[in-house]
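Visitor: Those protein sequences? They're chains A, B and C, same order as listed.
Residue numbering for the first sequence follows my numbering, beginning at 25 and increasing consecutively.
Residue numbering for the second sequence follows my numbering, beginning at 28 and increasing consecutively.
Residue numbering for the third sequence follows my numbering, beginning at 98 and increasing consecutively.
Worth flagging that the hints you see were computed from the coordinates, not collected in a lab.
Every clue listed holds true.
Below, in silico cross-link-like pairs of lysine-lysine (DSS-like), each with a Cα-Cα straight-line distance of 25 Å or less:
| id | chain 1 | residue 1 | chain 2 | residue 2 |
| --- | --- | --- | --- | --- |
| 1 | C | 107 | A | 264 |
| 2 | A | 117 | B | 195 |
| 3 | A | 141 | B | 218 |
| 4 | A | 264 | C | 236 |
Which chain B residues face chain A? A few, computed with CB under 10 Å, are given here:
| id | residue |
| --- | --- |
| 5 | 130 |
| 6 | 200 |
| 7 | 201 |
| 8 | 204 |
| 9 | 209 |
| 10 | 210 |
Just some of the chain A residues that point at chain C, by a computed CB distance under 8 Å:
| id | residue |
| --- | --- |
| 11 | 230 |
| 12 | 255 |
| 13 | 273 |
Idealized CB from N, CA, C, for every residue including glycine.
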Amino acid sequence: MPETKISVSGLDLYYSEFHALKNVNIDIAPNEITAFIGPSGCGKSTLLKSLNRMNDLVEGCRITGNVTLDGVDIYKDMEITYLRKNVGMVFQKPNPFPMSIYDNIAYGPRTHGIRRKSDLDDIVEESLKKASIWNEVSDRLKRSALGLSGGQQQRLCIARALAVKPEVILMDEPTSALDPISTMKIEELCCEIKDSYTIVIVTHNMQQATRISDKTAFFLHGEIVEFDETEKLFSTPSDKRTEDYITGRFG
Amino acid sequence: MTMTGFRFDMKTYKKHPLSFLFMLLVWIAAALTAAVFIAVVGYVLIKGIPQLKPSLFAWNYTTDNVSMMPAIITTVEMVGISLLIAAPLGIFCSVYLTEYAKRGNKIVKVVRLTAETLQGIPSIVYGLFGMLCFVTSLKWGYSLLAGCFTVSIMILPLIMRSTEEALKSVPDSYREGSYGLGAGKLRTVFKIVIPSAGNGILAGIILAIGRIIGETAALMYTAGTVAQLPENVFMSGRTLSIHMYQLSREGLHTDDAAATAVILLITVFALNGLAEYIAKKLDKNKL
Amino acid sequence: MRKLFDEQLKELNIEMIKMAGQVETAIAGAAEALIKNDITLAKQVMGGDEIVDDMEKKIEHLCLKLLLQQQPVATDLRRVSTALKMTTDLERIGDQAVDIAELTLKIGKTDNVHIPQMAKAVIRMVTDSINAYVNSDEKLANDVMAEDERVDELFVKIRDELIEMAADSREKGKQVGEQAIDLLMVAKYLERIGDHAVNIAEWVIFSVTGVHKNAKII
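Turn these sequences into a full structure, and let the hints guide you.
Guide: What follows is the structure, encoded as structure tokens:
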């Protein structure tokens, strides 16, 4: 297995005139949880989104530099459908589609051409089980996903992302809209599945970063100030700005 | 409102005379509106219900028995065909405007401006256009089809407007979610966005149906006023509204006109009820 | 935005200084009592142990409260965990001062010159280690660790002297032998106090650099 799953080098990103990411370099290791922390508007979500090209949807977004997945440039040499199938995303607000639980999970696989009912059934069950929500919804797969609680919806969204069998999962503040118990469940889920996936998580909750991530990157004004083992970063940060941010002296 | 609540309100209002005045105005406005509505409906029902008789629903219209059955059927046909023309056109046009066109695109501006202008044009103008275009130039004569095309143009902005609103109200998070799973634009629009906007689109269509049913001016010059059931789309026929207008205009059948008004009213109520029912059902599916 | 947090850290610091001061007084008192054979002072030292124990409890409470309420990270985390570890050493130092004071009651007058020297060196180690903590002074902490070697040397010297003294006990009587052993225990206690001072110094270095005894523990 290669030591680097995603490699970002010399990445600059502009929203029209705004220079949102400045010469970002980071190597994300496989089967680890990497956390992005930093004050609002520091570029952490922007970098996360550029890892599966969600920024393409934003008008006036311009990118220079390289992002590679398993050594392949995702902006130049990769089909966007293929990229997004392999790099899934879970958003800040749970966003299940207004359809049944089953259809939510089956949406991704159907998009990628899986039509056979029995295959879909298997994928739905497997994904929901992986996302630790099968027990709660197995008897109401045909019911609308919008009837679930916020925490369940978010785990459903994780299951939906898992259903297309990605290798990387990007999470954009996945628990910021959830209560502590739901948050804990999602954190546990992340730790359970990290052996088979590479997880990158943006979080405002520094305790969460310390709890679940292996490595942490601290962003400030569009730059990565420090990127290190989470324990190291939170016990003995090398940069004064990191220290000031994590100890709550600013931001 | 509980008495204590009311008294509390009054106490508060005493200190703010302007607020009190405004509250009074609001109340009067609400009461007047309700009164007008009740008066109209009550008048129609009182006048019309006694005039309803089975013979009015006979299959054939004769000068002796001014049956409204042909008109009812014509109305249904008119609604069906017009929607068949206008709904796909309107919906797809809105999909283009909201989902595909880039912001600030000139075509978008033009289309939007046109739609808005069309919405403000009096229906008699549509009637005139329909007559000149479909009836005369295309030589369709006074016919169901000419009527359908005319009202289609008329309801197009309505459908577009409501569809656009509905599409805009679909949260971007749905689109993001779909793209995030590797789905393309087409799939996202058809599988996620349009179904999610279904409610609003439907509301627009039902509004459009109401508009067609109530239309007279535009149809008089295009679909004509023949009271018999048209055998094909190139024959003239009259909808309920025109039927009612003709009856009252001739002055011989004012009672039957009143009965027709009751049926029209009921139809509109039923449509509103249906709209609400479907909306609720869709909501239930969602929750 | 972290006013309360800073206040709590300040309070912890003040309590640490207080406890350190109390412990310093205790060993200084115990040493003086031994040298001057001052029974009253020795008893005073023994009575002071309760205060040290109470202070330890208070500091533990403060540290745990800080961990619970503020979930400190980085410097704050190291500072709080260092305080928590240090109080244990301080408390042990206090205990050993009491042990020395208790022995003083039995020993009576002594003319060993190296024991006062060792006591002085050890007291300085303790004072320096506390100062190193208060000022986050890595260099001073290193000095404390270096000083320990001198204390160990002194201990060996004293031990040799006391062995000779014990050997003489056959001629000079059993009491001399007893005194030699008691003095050896005093020396051992002083040596232990030195070790505790070294422990404190090591935690101070962790607090400053994040490295404890040349190893990363987090």
